Amino acid sequence: MKKFVTFVLTAAMAVSAFSVNVFAAPATAKAVLSNAKIAVNGTAVEFQAYNIGGNNYFKLRDVAVAVNGTVANFEVGYDKDTKAITLTKGTAYTGSKEAATATDGDKTAKLSTQVVVLDGAKADLTAYNIDGYNYFKLRDLGTALGFEVTWDSEAKLIGIAADAVSSGGEDTQSQEENGRSKATEFTFELAAEEERIVENLVFDEDVTISGDFGTIVFENCEFNGDIINAAEQFTKVILPDGTTVNGNCVFKNTIKEATMDTSMPKFVSPNTLNIVCEDCIGACILDGTEDNIIFNGETYSMADVEFFYDANTNELVPYEGQEASALFVGQWWENGEKILQMFCE
Numbered sequence: 001m002k003k004f005v006t007f008v009l010t011a012a013m014a015v016s017a018f019s020v021n022v023f024a025a026p027a028t029a030k031a032v033l034s035n036a037k038i039a040v041n042g043t044a045v046e047f048q049a050y051n052i053g054g055n056n057y058f059k060l061r062d063v064a065v066a067v068n069g070t071v072a073n074f075e076v077g078y079d080k081d082t083k084a085i086t087l088t089k090g091t092a093y094t095g096s097k098e099a100a101t102a103t104d105g106d107k108t109a110k111l112s113t114q115v116v117v118l119d120g121a122k123a124d125l126t127a128y129n130i131d132g133y134n135y136f137k138l139r140d141l142g143t144a145l146g147f148e149v150t151w152d153s154e155a156k157l158i159g160i161a162a163d164a165v166s167s168g169g170e171d172t173q174s175q176e177e178n179g180r181s182k183a184t185e186f187t188f189e190l191a192a193e194e195e196r197i198v199e200n201l202v203f204d205e206d207v208t209i210s211g212d213f214g215t216i217v218f219e220n221c222e223f224n225g226d227i228i229n230a231a232e233q234f235t236k237v238i239l240p241d242g243t244t245v246n247g248n249c250v251f252k253n254t255i256k257e258a259t260m261d262t263s264m265p266k267f268v269s270p271n272t273l274n275i276v277c278e279d280c281i282g283a284c285i286l287d288g289t290e291d292n293i294i295f296n297g298e299t300y301s302m303a304d305v306e307f308f309y310d311a312n313t314n315e316l317v318p319y320e321g322q323e324a325s326a327l328f329v330g331q332w333w334e335n336g337e338k339i340l341q342m343f344c345e
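In the working numbering, the protein residues as written are 1 to 345.
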């Protein structure tokens, strides 16, 4: 069998300066690390922020974490073709808060030209680039995304207010209409070669699947936390159409060193999944070619494919427009080097 062509997984994507609104904003400005307290719906939250010209500037992903679970929640993505940050309103944020990068002392902030697309249209936002990171004016974000920003001068308190997503009547009615009920079990241990079907449940906590060489299918289910595949080998977690995943799909195993022939644990779905696979092996199969796979923060689609798996010859060959029905992304280490492999079949 011809060895699969692989490529090394690069460092996490950094937000680069490209194109944002420049109205009334100077090209360069002094940025002062903010010492203001911040509260989201009355709860104190730690942020890394800068004050520029009397306005507060924040990282997009930090704000997305803060308003998750409210009516102002939004997803953050990146379009590699257009080099634009994409924001989707009304969608739960599936990433994580960015690590603090600020240091004490004033900084020189440069007006960012990063393009931001909100629900398919270019957004009118002011942003500055500081030490390679883009910081956006909080009030602009509030106006665009639907949360209120307040300032208490006496308490030196920045307030962010957004109504919580209802967990009452409308959600309950929707669940009943979908034939779903609240789950009471959140851990599933599979025996070798077991094939289990779980149907019509709403999981409001993280779900963990363990046991090697098993298969579990979640039919007409809703996940409001993470799905954790803790198997060491093979086990497939299948999430078909009709199942909603609002959290991450996470691999947690003890294996790093592997080869292309290793039988990896995997998630399978016809829809986009947000895969988290840190310091372990794992693979995701997109059953179809219309959506994409988000793997450790990077988005992969058919536009990125270079190789096609030929089932007749059991080989990878250059992708030249062959009819494909699935997209595969997998990760492992060889001799200490992280490998990412992608192909269609």
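Everything labelled a hint here was simulated from the structure, so no lab data went into it.
All values reported here derive from a predicted model rather than from experimental measurement.
Cβ coordinates follow ideal geometry from the N, Cα and C atoms, glycine included.
Treat the hints with care, as some may be off.
[Said to hold, decoys possible] Cut-off 30 angstroms, straight-line C-alpha distance, at most; resulting in silico cross-link-like pairs (DSS-like, lysine-lysine):
1) 30 with 107
2) 107 with 156
3) 80 with 252
4) 110 with 80
5) 182 with 110
6) 107 with 182
7) 83 with 110
[Unchecked claim] Between beta-carbon pairs, the in silico distance windows are:
8) 315 with 132: 38 to 48 angstroms
9) 33 with 193: 49 to 59 angstroms
10) 83 with 263: 15 to 25 angstroms
11) 41 with 132: 42 to 52 angstroms
12) 199 with 41: 17 to 27 angstroms
13) 120 with 71: 29 to 39 angstroms
14) 80 with 254: 40 to 50 angstroms
15) 117 with 262: 53 to 63 angstroms
16) 225 with 161: 24 to 34 angstroms
17) 314 with 246: 36 to 46 angstroms
18) 179 with 302: 27 to 37 angstroms
19) 71 with 321: 11 to 21 angstroms
For each hint, the structure was consulted:
| no. | hint | verdict |
| --- | --- | --- |
| 1 | 30 with 107 | holds, 6 angstroms |
| 2 | 107 with 156 | holds, 21 angstroms |
| 3 | 80 with 252 | holds, 28 angstroms |
| 4 | 110 with 80 | holds, 23 angstroms |
| 5 | 182 with 110 | violated, 50 angstroms |
| 6 | 107 with 182 | violated, 50 angstroms |
| 7 | 83 with 110 | holds, 19 angstroms |
| 8 | 315 with 132: 38 to 48 angstroms | holds, 42 angstroms |
| 9 | 33 with 193: 49 to 59 angstroms | holds, 57 angstroms |
| 10 | 83 with 263: 15 to 25 angstroms | violated, 37 angstroms |
| 11 | 41 with 132: 42 to 52 angstroms | violated, 31 angstroms |
| 12 | 199 with 41: 17 to 27 angstroms | violated, 35 angstroms |
| 13 | 120 with 71: 29 to 39 angstroms | violated, 20 angstroms |
| 14 | 80 with 254: 40 to 50 angstroms | violated, 32 angstroms |
| 15 | 117 with 262: 53 to 63 angstroms | violated, 38 angstroms |
| 16 | 225 with 161: 24 to 34 angstroms | holds, 25 angstroms |
| 17 | 314 with 246: 36 to 46 angstroms | holds, 38 angstroms |
| 18 | 179 with 302: 27 to 37 angstroms | holds, 33 angstroms |
| 19 | 71 with 321: 11 to 21 angstroms | violated, 43 angstroms |
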